[in-house]
Each structure stands twice: as structure tokens, then as C-alpha cells.
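Line order of the protein sequences matches chains A and B. Letter 624 of the first sequence, counting from 1, is numbered 624 in our numbering, and no numbers are missing. Letter 17 of the second sequence, counting from 1, is numbered 655 in our numbering, and no numbers are missing.
These are computed hints drawn from the structure, not numbers from a lab. Model, not experiment: these values are computed from the prediction. Backbone N, C-alpha and C fix where the C-beta goes; we use that ideal spot for every residue, glycine too. Heads up, some of the hints might be wrong.
Said to hold, decoys possible - Pair ranges (Cβ atoms, derived):
no.: 1; chain 1: B; residue 1: Lys712; chain 2: A; residue 2: Asn544; range: 35 to 45 Å
no.: 2; chain 1: A; residue 1: Gly593; chain 2: B; residue 2: His742; range: 25 to 35 Å
no.: 3; chain 1: B; residue 1: Lys712; chain 2: A; residue 2: Asp487; range: 27 to 37 Å
no.: 4; chain 1: B; residue 1: Leu694; chain 2: A; residue 2: Asn632; range: 12 to 22 Å
no.: 5; chain 1: A; residue 1: Ser427; chain 2: B; residue 2: Ser706; range: 52 to 62 Å
no.: 6; chain 1: A; residue 1: Asp487; chain 2: B; residue 2: Trp710; range: 47 to 57 Å
no.: 7; chain 1: A; residue 1: Glu521; chain 2: B; residue 2: Pro682; range: 41 to 51 Å
no.: 8; chain 1: A; residue 1: Gly593; chain 2: B; residue 2: Pro682; range: 19 to 29 Å
no.: 9; chain 1: B; residue 1: Trp710; chain 2: A; residue 2: Ala577; range: 46 to 56 Å
no.: 10; chain 1: B; residue 1: Ser706; chain 2: A; residue 2: Glu467; range: 57 to 67 Å
no.: 11; chain 1: A; residue 1: Ala577; chain 2: B; residue 2: Pro682; range: 20 to 30 Å
What follows is the residue order along each chain.
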Amino acid sequence: MLKHYASISLSLLGVSSLLVGQGVGSSPAFQPAPAPVAQAGGSAPTSGIFESNTFLESANRAFDPTSDSMNFEEGSFVWKGRSFNLTEQRAFRARFERFLLASPSSEEQEYALLMADIMERLSVENTNSDEAMFETWELLFRASRFDSDGGNSTIVANQVFNAWRIRKESRGISMSQRELEQLRVTQQEIVANREFTLRRIRERRLLQTSASNRDESETKSDKEAMPSEDAFRVLDLAETEAKIIALESQTALNGLQAKIQFQSQIVSFFMQRRFQHALVLSSFYQLIFKGSQQQLEVGKDELSSFFPNTDLTFTVDTMAFVSREAINDINKGVDAVNTAYAEDRSLIALERLQETFFLGEYSPELNLIPTQQRRHLLDLYRGMIEAGDLAEAKDYNGVAELVEEISKLASDFPKNRILSSLETAKSISDMAVFAASQYRNLGDIDKAREELQNAIEVWPSNPAIREFQQETTKMATVGTQGVQAFDDLISRQDKRAIFERRLELGFALSSDEARLPIFTEVVEQVARIDLLVKQAEEMIKQGNDYAAWELLVEAAKVDQDDAPMNRARAELAPQVADFVLYLNRAERQTESGHYAGALAAYLAAQDVYPASRLCREGIEATSNALMGVLKNEAPVAE
Amino acid sequence: MSLFQSLKNSHTRLQVFAGTLLCVAALTFSSCSGGEFSNLETLPAQQFLEKPIDFLGNTYSVRAQIDSQIKWEKGVGRILAVLPEGSSKRLPVFVSEVVGDNIHIGQRFEMRVRIQEGGLVYVEALRKY
Numbered sequence: 001m002l003k004h005y006a007s008i009s010l011s012l013l014g015v016s017s018l019l020v021g022q023g024v025g026s027s028p029a030f031q032p033a034p035a036p037v038a039q040a041g042g043s044a045p046t047s048g049i050f051e052s053n054t055f056l057e058s059a060n061r062a063f064d065p066t067s068d069s070m071n072f073e074e075g076s077f078v079w080k081g082r083s084f085n086l087t088e089q090r091a092f093r094a095r096f097e098r099f100l101l102a103s104p105s106s107e108e109q110e111y112a113l114l115m116a117d118i119m120e121r122l123s124v125e126n127t128n129s130d131e132a133m134f135e136t137w138e139l140l141f142r143a144s145r146f147d148s149d150g151g152n153s154t155i156v157a158n159q160v161f162n163a164w165r166i167r168k169e170s171r172g173i174s175m176s177q178r179e180l181e182q183l184r185v186t187q188q189e190i191v192a193n194r195e196f197t198l199r200r201i202r203e204r205r206l207l208q209t210s211a212s213n214r215d216e217s218e219t220k221s222d223k224e225a226m227p228s229e230d231a232f233r234v235l236d237l238a239e240t241e242a243k244i245i246a247l248e249s250q251t252a253l254n255g256l257q258a259k260i261q262f263q264s265q266i267v268s269f270f271m272q273r274r275f276q277h278a279l280v281l282s283s284f285y286q287l288i289f290k291g292s293q294q295q296l297e298v299g300k301d302e303l304s305s306f307f308p309n310t311d312l313t314f315t316v317d318t319m320a321f322v323s324r325e326a327i328n329d330i331n332k333g334v335d336a337v338n339t340a341y342a343e344d345r346s347l348i349a350l351e352r353l354q355e356t357f358f359l360g361e362y363s364p365e366l367n368l369i370p371t372q373q374r375r376h377l378l379d380l381y382r383g384m385i386e387a388g389d390l391a392e393a394k395d396y397n398g399v400a401e402l403v404e405e406i407s408k409l410a411s412d413f414p415k416n417r418i419l420s421s422l423e424t425a426k427s428i429s430d431m432a433v434f435a436a437s438q439y440r441n442l443g444d445i446d447k448a449r450e451e452l453q454n455a456i457e458v459w460p461s462n463p464a465i466r467e468f469q470q471e472t473t474k475m476a477t478v479g480t481q482g483v484q485a486f487d488d489l490i491s492r493q494d495k496r497a498i499f500e501r502r503l504e505l506g507f508a509l510s511s512d513e514a515r516l517p518i519f520t521e522v523v524e525q526v527a528r529i530d531l532l533v534k535q536a537e538e539m540i541k542q543g544n545d546y547a548a549w550e551l552l553v554e555a556a557k558v559d560q561d562d563a564p565m566n567r568a569r570a571e572l573a574p575q576v577a578d579f580v581l582y583l584n585r586a587e588r589q590t591e592s593g594h595y596a597g598a599l600a601a602y603l604a605a606q607d608v609y610p611a612s613r614l615c616r617e618g619i620e621a622t623s624n625a626l627m628g629v630l631k632n633e634a635p636v637a638e
Numbered sequence: 639m640s641l642f643q644s645l646k647n648s649h650t651r652l653q654v655f656a657g658t659l660l661c662v663a664a665l666t667f668s669s670c671s672g673g674e675f676s677n678l679e680t681l682p683a684q685q686f687l688e689k690p691i692d693f694l695g696n697t698y699s700v701r702a703q704i705d706s707q708i709k710w711e712k713g714v715g716r717i718l719a720v721l722p723e724g725s726s727k728r729l730p731v732f733v734s735e736v737v738g739d740n741i742h743i744g745q746r747f748e749m750r751v752r753i754q755e756g757g758l759v760y761v762e763a764l765r766k767y
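If we strip away everything but chain A, and leave its shape as in the complex, we get (with noise of 0.2 Å):
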């Protein structure tokens, strides 16, 4: 049996350590208990499936400072039924407290002004000439000085200028295209006109020559001549027609490949959630290409994730649609999480805050959220992220004191269902070290190492399995000594210091055939005492001394020499001093072989306590011994 709880006490420690990350192994050093060891007044208790994970769900569910729109498991945000790539939680999660712990300086408001004119001078409602055009491109250098910007402004101003470039080509192509379609004009004349020349010459020379043969030998030296010029004159046309056709494809591709550009720039800076430099491209795309050129040809399949289930056909309109309303959603999250802010819902706020900035998080409109609710937001959001990491880690203490701290933060935080399921979860793992205990003292090592895992799982940092682990441990070591430590006290027959050391004796004696019976009668004998002792303590409570007193003569007839019984009647005794005078009284005429005088005391403390156990039995045993002695003898009667 030793050996047994010097496993447990060995392996306890390898076995909070599997525990906590994952169910446990068996354990090579545990082995099925042999039979149990002393009641010790324990009862079996009862094992079972403990729910750990209540209190990790609700705590999830509390801790998570995210809004339902982010899901980091799949790296994405939902916004209006479209999906961001989020990237990685630790690094949405450095983003967001750095805005936190940013300040809005009076430089991002200058740049949200300019952003907002170069928006509105863009506008369909304003003058467009090529002159308002020019100007607005350039406020876009002004705007790329900032560094809230981040050198978008100059990329959109770049793919203005390029397609401005694109197009001066084009005029330039157009040009050289109109020369050579006048050459190849005038080469078509020349050529037509030669023919027609030559034709009428040799119709004339048909009219004034007769002779058949000389006709065939001019006709001859005529058709050997024209060949040759006749060649030079069509090459050198279709050579102009040539270069008008490679033109003409230069225009094209010079102009598909700005339209492309333009458009991927768009899709670029959508996807990378910068909603007013695409909407500022979009502008500038509407007004350099013409209506017939505002069909996506690039970033379909990019879009097409965002517009699931659908045959739409994208256009750059689309995408200033798309981004014109995110901004306004952002504007929206804004007020939303001020509005929160301002009546005290802090969690809202944050929750809110977090979908805004990740929306708008380059933004200016963010700038209207004040320094100083950052910041406690920002605390909010540390003092969240920080329970919903110690309760992963099952720390309830730790998690108990930063709720506190949380509710102080945000009224609007659960505090009191996250200290519930708390509290229900430490009782569930303190059972569960309860009922290890009582199966380790008696014996059931398999059970008792259950609901330690049980415990262990439920709060691996229970104070209580450690005091477990250290009495378990204390066991095994006292066990050794326990045998003599038994002898001596059995030979003082100091029975209660037997009962109090009873479980490291029962380990000891567990397996010793001789000394086990002696030391069970032992503790049942102390436990029973007890029993008696507290009973009598709550007649007392009661205010039936007599009763007491009854139970207290009923524990002395287990061991009279117990301490704590002797204390409590010498206590009760002045209060019930007239039936004791009697039941003592009864009890030395009964060892003196005097029934009658013993029968007339138990009838005389009957009087004084008519429920009398002791004084009932006391009649019939000495009514029955007095009636046996007269049978035997002759009656006196004169």
C-alpha cells in the first residue's frame, strides 16, 4: 500500500503537467489497489464527468475583445458580406494598439481637409476641364508630404500622368498616321493614273500601226517595260500601308495597356482597404477614359470574392460605388463608438472600434476618436486581451482580479457571469480533490488518481491539489515510522492520538494482518465517540441535557478514558446533577447484586427524565434479576 501512495506522490507532478495540455497516460507506476484500507469515517465519494470547459466557453466569449465580423481563424473580416484578408491576429493586433497609442496630430487633420477637396474638386458636379484637372493632380503631391498618406497620393498622381503621356502619343501617332494616309493617297493615285496612262498610250500606238507582228514585238517590249515601275509603285504603297497598320496598333496598345494600368491600381488600392485614394483614381479613370472604357479588364477574380453569387459585370463606377461606401461605414463607426464611449458602454466601444479601424484604418476620419478614450480603450483592450489569456491558461485567481479591474474599466463587462462560472469551476475541481482523497484513504489509488485528473483539468493551479500532493507525499513517509509509532501508542492506549494520525497509520498498518483489526477497532471506537460527543453537543443546543447526558454515558461505554467525552460530561454534569445522582446510584446497587434498591434509583431517575433510555433498560434488566432472585427464594410472608 506504501508504494501505492508513494506513486502518487511521485507522479503527481508529471501528471499535472500531461494534464494540463492533454489527457493523461496511464501512469506505469500506478497499480489496482489491493483492499481497502480503515472507514476513517470517510465516505466513498462519487465520481464523475466534470464539465471543465463551462467556464472556458463563457470566458472565450467575455475575453474576446473582437467583433463577430473578424474571424482570425480564417485570417478574414466580413464587411457587408465581403471579405478582407485579415492577416495574422498578432499583427491586426500590434496595428490596432498602436492607433491606440497614437495621438491625432493637427497635420492628419490638414491631410483629411486636402484628401476631402481633392475628393470634391473630382466630383461629377464640379467644372472638369483639363485646366481643374491639372490642378487637382497637382494637390496630389501635397497631399503625398504627409505621412498619414504613405506615397499613395504620388502613385495616383503618377498613374494620371502616365495616362496623360499615353495619350499625348497617341496624338503624336494620329498624326504621323494622317501623313501617311494622304502619301498612301497620293501612291494609290499614282499607281491607278500609270495604268490608266499607259493603257490609252498603247491603244493610240494599236490605232496607228498595222502590222500584227510588229504589234506583238512592241506589245512585248511594252508589257517586258511596265513590270518594273509598275512594282515600285505598288511596293512603295503598300509599304505606307503597312506603317499605318503598325500605327494603328501602337494607338491600341498604348492605350489598353494605360486603361490596364489604371485599373489594377484601382483594384490595388481597394483591396489594400484605402477606399479614398481609390476613390480619388476612380475619379480621375472616369475623366481621362472615355465611357466606353470603364469596364474592369483586371482584378475580376479579386472581385469576384467580394461579390460572390453573382453575374455583375464590374466597372471603375463600381469600385467608387464600393468605396464611397466604406467610407461612409467608417464615418458611421466613428460616431457609433463615440456615442458608446459617451454613455459609458466601453465594451461596445471597443468591440465597435475594432471593425471601424480595421476598415477605415487608413482613414483620416479616425482621427476623431480623442486621445484620452484611446487610451482607455487601449487599457480595456490589454486588461481583455491579458484574462482571456490567463483564463486559457485556467489562472482563476488571476482572472478574478482582472475582472475587477476590467468592470472598472467598462461597466458594460459581464463581471458577474465570468466570477459564476468562476466560482463553479473552482468548486467542480475542489470536489473532484475532495473525492481523490477520500478514495486515496481508502485505498482505491485508480479512482483517487481519476479525479485528480479531474481536478487537475477543471484548475491545474488549485491550491488544494498541492496540499493533496504534499499530504500524500507526508503519507508516504510517515507510513515507514508508522508501525512502531502504532505500538507505542497502543501500549499508552491513547486511542485518540491513534484516530487522529489514523491516516499515515493506515498506510502504515495497511498491510499488517496483526495490527490492522486493532488499529479499525481503534478508529471506529474514536469516530464513534465523536459521533456520541456531537450529538450530545446538539441536544445541548436543544436544551436536552438529559439526552445529552445519555448519549455522553452511551460514548463513556466505548472508552471511558477519552478526553474530549470526559470534558464534555464533566461540563453537562452540574445541569443534569439529580439523574446522574440516580443513574449512579442505580449502577452501584446494580454491582452490588441490590436489584431492588437499583430498580427503585432507575425508577426515581425515570421520574426525573421519563424518556430515559438508560433507565428504561435499567428497569427490565433489574426488574428481571430481581424477579429471578425471588423465584429462588421461599417468600417471607408471615
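Given the coordinates of chain A, assemble chain B onto it according to the supplied hints.
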């Protein structure tokens, strides 16, 4: 005259003798019935309870009410718990079969008792009152 006087004296003597006889008879009757209890001391129940051994061999009169029958043995008798007058504590008494016949709970008896070995209150005679 002397005869008359002689007869008169003899009649007087007869009357005296008859009266004497009547007195003797009355005394004899009283001593044989109620008179045998009235001469006895009443058992001091409280003192007896405290130390019965001091009363061994004595005979007393006890006027008491039957409280309960503790034990009955055929051919032997019965042990009764009685409540003596003037006492709050009951006493056990033994009534042998030859002394008592029908005894009911609640009845009052005047008893002549003898304290025997072991403090036994032995009822030698009893009568209702």
C-alpha cells in the same frame, strides 16, 4: 332483700363481664383488620431511596397509588411501581401471589411492608383505601 340485692349484683357483674367481652372482641377485631397498619410507621420514601440498606428488616406502612406493573411471574408475584403519598418519586414494591389478588393501575392501597435484603420492599399485607 338480700336475695334481690344479690340478684341485682350478679346482673351487674354479668353486664360488666359482657361489656368487657365486647371490648376485648372489638380490640381483637381492630388489631386483626385495620388496626395492624395504623400502628406502623410510614416508610420515609426519600430517605429509603437515598440509603435503603439502613431500613433493612423494618416494617412500615405505605399508603400509595399503583403506578405501573413492572414485572409479573406466575407463582411468584409481581413487582409494582407505586407512588407513595407525599412523595414525588416512585417506589418498587413486591407483592407475592398469596398477598395480592387483583391489583389495578391507579388503585390506592395501604400496605404493610417489610424491607428485605437488597432493599426489597416486600408487601406483607395490603388493603384498598
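A quick look at each hint next to the structure:
1. B/Lys712 <-> A/Asn544: 35 to 45 Å: Roughly 40 Å apart at Cβ, these two residues keep to the hinted range, so it holds.
2. A/Gly593 <-> B/His742: 25 to 35 Å: 32 Å, holds
3. B/Lys712 <-> A/Asp487: 27 to 37 Å: 57 Å, violated
4. B/Leu694 <-> A/Asn632: 12 to 22 Å: 19 Å, holds
5. A/Ser427 <-> B/Ser706: 52 to 62 Å: 57 Å, holds
6. A/Asp487 <-> B/Trp710: 47 to 57 Å: Given about 55 Å between the Cβ atoms, the range holds.
7. A/Glu521 <-> B/Pro682: 41 to 51 Å: 49 Å, holds
8. A/Gly593 <-> B/Pro682: 19 to 29 Å: Hint holds: Cβ distance 24 Å, inside 19 to 29 Å.
9. B/Trp710 <-> A/Ala577: 46 to 56 Å: 34 Å, violated
10. B/Ser706 <-> A/Glu467: 57 to 67 Å: 59 Å, holds
11. A/Ala577 <-> B/Pro682: 20 to 30 Å: Given range 20 to 30 Å: holds, Cβ gap about 22 Å.
In this structure, the earlier hints numbered 3, 9 are contradicted, and the remaining ones agree with it.
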